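**Student:** Spelled out, the chains give:
There are 2 protein chains.
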Amino acid sequence: MKARQWILVKHFEGEPKDEDLVLQEIDLPDQLNEGEVLLEGLYWTVDPYMRPYSKTYNPPITMFGEQLAKVIKTRNGEYPLGTVVLSMSGWRSHFISNGNDLKPISFDLGSTPLSYCLGTLGMPGATAYFGLMNLLEPKKGDKLILNGAAGAVGSVVGQLAKIHGCEVIAFVGDDSKLDWCKNELGFDHVFNYKKVDFSEVIQKVAPDGCELFFDNVGGNWYHTIINKHLKKYGKAALCGSIENYNDKEVKLYPSTNNSILAKELRIQGIIVNTFAKDWPKAFTEMNHFIREGKLKVKETTYEGFENMRSAFYGLFKGENTGKAIIKA
Amino acid sequence: MKARQWILVKHFEGEPKDEDLVLQEIDLPDQLNEGEVLLEGLYWTVDPYMRPYSKTYNPPITMFGEQLAKVIKTRNGEYPLGTVVLSMSGWRSHFISNGNDLKPISFDLGSTPLSYCLGTLGMPGATAYFGLMNLLEPKKGDKLILNGAAGAVGSVVGQLAKIHGCEVIAFVGDDSKLDWCKNELGFDHVFNYKKVDFSEVIQKVAPDGCELFFDNVGGNWYHTIINKHLKKYGKAALCGSIENYNDKEVKLYPSTNNSILAKELRIQGIIVNTFAKDWPKAFTEMNHFIREGKLKVKETTYEGFENMRSAFYGLFKGENTGKAIIKA
Chain A
1 MKARQWILVK HFEGEPKDED LVLQEIDLPD QLNEGEVLLE GLYWTVDPYM RPYSKTYNPP
61 ITMFGEQLAK VIKTRNGEYP LGTVVLSMSG WRSHFISNGN DLKPISFDLG STPLSYCLGT
121 LGMPGATAYF GLMNLLEPKK GDKLILNGAA GAVGSVVGQL AKIHGCEVIA FVGDDSKLDW
181 CKNELGFDHV FNYKKVDFSE VIQKVAPDGC ELFFDNVGGN WYHTIINKHL KKYGKAALCG
241 SIENYNDKEV KLYPSTNNSI LAKELRIQGI IVNTFAKDWP KAFTEMNHFI REGKLKVKET
301 TYEGFENMRS AFYGLFKGEN TGKAIIKA
Chain B
1 MKARQWILVK HFEGEPKDED LVLQEIDLPD QLNEGEVLLE GLYWTVDPYM RPYSKTYNPP
61 ITMFGEQLAK VIKTRNGEYP LGTVVLSMSG WRSHFISNGN DLKPISFDLG STPLSYCLGT
121 LGMPGATAYF GLMNLLEPKK GDKLILNGAA GAVGSVVGQL AKIHGCEVIA FVGDDSKLDW
181 CKNELGFDHV FNYKKVDFSE VIQKVAPDGC ELFFDNVGGN WYHTIINKHL KKYGKAALCG
241 SIENYNDKEV KLYPSTNNSI LAKELRIQGI IVNTFAKDWP KAFTEMNHFI REGKLKVKET
301 TYEGFENMRS AFYGLFKGEN TGKAIIKA
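As they're listed, the protein sequences go chains A and B.
So for the first sequence, full-length UniProt numbering puts the first residue at 1; every next one is plus one.
So for the second sequence, full-length UniProt numbering puts the first residue at 1; every next one is plus one.
Hints should not be assumed to be uniformly reliable.
[Stated by the list, open to error] In silico contact screen, one side only, chain A against chain B (beta carbon under 7 Å); selected entries:
| # | residue |
| --- | --- |
| 1 | Leu114 |
| 2 | Tyr222 |
| 3 | Leu238 |
| 4 | Ile242 |
| 5 | Arg266 |
[To be verified] Using 20 Å as the maximum straight-line C-alpha spacing, the simulated EDC-like pairs for lysine to aspartate or glutamate come out as follows:
| # | chain 1 | residue 1 | chain 2 | residue 2 |
| --- | --- | --- | --- | --- |
| 6 | A | Lys251 | B | Glu25 |
| 7 | B | Lys263 | A | Glu243 |
| 8 | B | Lys10 | B | Glu25 |
| 9 | B | Lys231 | B | Glu285 |
| 10 | A | Lys195 | A | Glu243 |
| 11 | B | Lys162 | B | Asp179 |
| 12 | A | Lys194 | A | Asp208 |
| 13 | A | Lys327 | A | Glu292 |
| 14 | B | Lys55 | A | Glu264 |
| 15 | B | Lys228 | A | Glu249 |
| 16 | B | Lys55 | B | Glu243 |
| 17 | A | Lys277 | B | Glu264 |
| 18 | B | Lys55 | B | Glu249 |
| 19 | A | Lys2 | A | Asp27 |
| 20 | A | Lys73 | A | Asp20 |
| 21 | A | Lys263 | B | Glu243 |
| 22 | B | Lys182 | B | Asp142 |
| 23 | A | Lys162 | A | Asp27 |
| 24 | B | Lys294 | B | Asp108 |
| 25 | A | Lys194 | A | Asp175 |
| 26 | B | Lys251 | A | Glu249 |
| 27 | A | Lys228 | B | Glu249 |
| 28 | A | Lys194 | A | Glu243 |
| 29 | B | Lys317 | B | Glu25 |
| 30 | B | Lys17 | B | Glu36 |
| 31 | B | Lys277 | A | Glu264 |
Please keep in mind that the hints were generated in silico from the structure rather than gathered at the bench.
Treat the numbers as computed from the prediction; the structure is a model and nothing was measured.
Yeah, the Cβ is synthetic: ideal placement off N, Cα and C, and Gly gets one too.
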């Protein structure tokens, strides 16, 4: 049968261009070997991490990434016809697997949309959950500084923090995201960082400092907040460093070690796979919050596998709010 | 009676100078009020933290600090004549107290020298103990990077790490300290940091990286070790930042946040008072190690209260090995 796949032809430079990623058609074998399954993609995800991470490959490659797929042919008893799985199989419409890279949905999804397994109930949601709950250990009344607050990770961090009684000081990059975070998600203080000095506004709303910081941006945000805005025993979870991803030279910043020492801060990095065994428990809890209406999910859905590239490029133009999903 | 005290006349700037700290004689009342005791200092301590901490005061002040003192006159039933206590009463030869700032020795010292209560069995020893045990959680086979390894804190950290089966990569500032750490304390790799490139030698003895870092120095050490020498899930305890204490301008360093994120490091500051309730338990355990000969103590003793300033200034010139103690 014919399968389509997106090929990363060369490394992105500056603004991603149409010729960097091209759609290709290939033939898949008609017969499966014993143990193999044929899968059809249902939903794909595009995420900002794909941009810096692509540098670790040598193009041309089939673009990497996660998808939700359905078994449409099987010679593997573990994966009967119709089974829905998650797979890091890349930007492919169909693919054959020996089962090793397939993960069944690991919790009771109930009536929650399947596509959420690529967002709030998937890798970004787990990142938010474990970064907040395990690293920051939020307590009622804690003030949390959160940048990238309208993103797939940030929007979940902020809402979980609200559920746990925190005061959320959130930063986003445009006014429609600000509106969403403020009026729908209920974050306490929301700022468009392009229109304010972030340090000044934090000082204003939290003159005595903040207990928690969930960092999606790095760079000046990290150094300034550690040194000026975290209070004694403050904690920071480092999740993203988008301000440094494209650095061509080593940037210099004021030291933070003195502040970490004097304020007895705890700074920790989060990579979500470290908590893999606890994902099902986290998703069960979060799905409960979703059903209760306490955890809101926004998806920007692009119809058609052929629109994956546009969806991906849209991430860097601020085109979508919440999770970007491509539907077959 | 006459009491002597050291007055911090003005804030230190750059290299500490003789005119910054001056010795003064004052009169103490001859009569005690009900509840008061008169104390005579037996031992005083000078520690590097005093330098940065002095900035939080407005000189002129009597220089702050801990001492071991003996009750030589009493109108307080809780403190009979001859009682030995610890007190944060500052650099004073004698002082009157209502008892509120006096602490009895909180564990069974046995035949261990009293002055150890200002060192290995006092604040520096507790700093070493809790920084290592609570923040770094050493495991058998962990490689520990330790700077200031011959100091009052560092020498205890390294020995406790050895007791817990770690491989200790230690740095000191001169060859006699190197000799002590290597041949008496048994640290695995000891270097005089003035004679080697610390990063190069760490790379050599631990090409795959280290699990643990106990930082007494800060500055380039902190930034280089976080970025280059800690491995995945590595931990750092920040205890001192002597490389930055005398900074007159903000120094800039390469960012560390990306490394903390990617390697999921845990960086934490230690200030020993946070663990105050657990000190007696720690000292009991450490005194046991001392009696068994597993934990060795070295003191550099300065005779005479009038030599406190020299002892203090000597800290910043690497003059002493082990704990600096002033004896009355």
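**Student:** Output the numbers, in ascending order, of every earlier hint that fails for this structure.
**Tutor:** Structure breaks hints 1, 4, 6, 9, 12, 13, 20, 23, 29, 30.
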